[in-house]
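*Asks:* Taking the hints into account, I'd like the entire structure generated from these sequences.
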Amino acid sequence: MGPSVSAPEPPAGFEQVVLPHLDAAYNLARWLAGNDHDAEDIAQEACARAWQFRGGYRGGDSRAWLLAIVRNTAYTWLKKNRSRIMVPLEDQEVAAVEDATASAPDFHNADAAMLRAAVEELPLEFREALVLRELEGLSYKEIADVAEVPLGTVMSRLARARRQLQIIFQRKGEVNP
Amino acid sequence: MNCADLRLLLHAYSDGELDLVRSLDVEQHLQTCAACAAQNQSLRSLRSALRSAPLAYAAPPSLRQKVRQLNREPADSPPPESLRQPRAPWLWQWLAFGATAAAVLILALRPVGPAPGDLLADELVSGHVRSLMAGHLTDVQSSDQHTVKPWFNGKLDFAPTVKDFAAQGFPLVGGRLDYLQGRAVSALVYRRNQHVINVFVWPTDRPGAGQPVAENRRGFNLISRDVDHLHYWLVSDLNPTELSQLADLIGKPGTAP
Chain A
1 MGPSVSAPEP PAGFEQVVLP HLDAAYNLAR WLAGNDHDAE DIAQEACARA
51 WQFRGGYRGG DSRAWLLAIV RNTAYTWLKK NRSRIMVPLE DQEVAAVEDA
101 TASAPDFHNA DAAMLRAAVE ELPLEFREAL VLRELEGLSY KEIADVAEVP
151 LGTVMSRLAR ARRQLQIIFQ RKGEVNP
Chain B
1 MNCADLRLLL HAYSDGELDL VRSLDVEQHL QTCAACAAQN QSLRSLRSAL
51 RSAPLAYAAP PSLRQKVRQL NREPADSPPP ESLRQPRAPW LWQWLAFGAT
101 AAAVLILALR PVGPAPGDLL ADELVSGHVR SLMAGHLTDV QSSDQHTVKP
151 WFNGKLDFAP TVKDFAAQGF PLVGGRLDYL QGRAVSALVY RRNQHVINVF
201 VWPTDRPGAG QPVAENRRGF NLISRDVDHL HYWLVSDLNP TELSQLADLI
251 GKPGTAP
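Listed in order, the protein sequences are those of chains A and B.
The first sequence begins at 1 in the working numbering and counts up one residue at a time.
The second sequence begins at 1 in the working numbering and counts up one residue at a time.
Don't read these hints as lab results, they were simulated from the structure.
Any given hint might turn out to be false.
What the hints assert, rightly or not - Derived DSS-like pairs: lysine-lysine, alpha-carbon spacing no greater than 30 Å straight-line:
1. A:Lys80 x B:Lys66
2. B:Lys149 x B:Lys252
3. B:Lys252 x A:Lys79
*Replies:* Right, here's the structure in full:
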């Protein structure tokens, strides 16, 4: 069974590789940029790059491939436009994580607005790992590919992201029991 | 395993990224350590809250429009929303999570001495679960029955029937060696949408003696068929109706060589 040859050759891959993942691309851009307008610019530029460099797509998970381009586009954009928020992660990682009295709040009553605000508070790299894992359902391997870090770093960033959310909600719970 | 080790592994455990052995280590620790169990509970409620809250942003129509123009194709019709990939990894994760629990139960139950039939069913479920967890679904990955079948040559003392049922909605994914009832068996892997189906095959010395069996064990459906001199056991989280369709295809005269 060969492919049908009657229709004109469809543009290679675009319908399969970029468009199906546009929501995922925009979602990542939106969480990294923090507002609609910049997110749209970043996502559009990333899609244009993806289209331009589509020859670099070697098969495999096209969503992870596109998200890696979105991520790089976003970081370049952020460096250019908001250099002050690009704090080296190492400085933040130490502070946030290991408090000995580990809080274990219950999130059953957490509403969406509170969660959204708490995720927005996270450092960029933690937020990115969390969004890719929890909202896009990427595996550690896929996140490692998108963020260009080792698997162990993915695990620790996710752990720290979630730990920070626990701490934020623990504090809120103390204020607003 | 101490608590410090566990607090990091707990995340990989929750994400379904641990192998079976380490998952069991984590579960063992959770049973004996209240503080870590509370952490696990909190983590689960956090993840469930993140998943159920509408936190993901959808691409605005204006962006979709602009991106479609990149294609220099007339934007005749917007792509349907359904083009977006289903979030299969969640499914896998929860499957893996439940599967780990099932595997623990199996290990826990074994010393009690279940009936032979139960033991086999447990082994089958366990084999299915193992294949999903260790990232070891197939040794030979191919939808081509002529690739999968020869791969078993020399690895087994029988020749399993390998047939692709993609046309009927059950594409062949590949095959693998497994170990059941103290012997090497072949495991053929099929897919039905997002569901993985393991078909375990081994020879029977009493052809025709085995009655077709269908049962549900810890959330997995099992169906058996005897075809020619071979036992076939199908294991999946797929619903029994569709699973039996595949069993019928396998058992259909003319499909076996």
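*Asks:* Hint by hint, note whether the structure agrees.
*Replies:* Each hint, compared with the structure:
no.	hint	result
1	A:Lys80 x B:Lys66	23 Å, holds
2	B:Lys149 x B:Lys252	19 Å, holds
3	B:Lys252 x A:Lys79	63 Å, violated
Violated hint: 3 only; the structure is consistent with all others.
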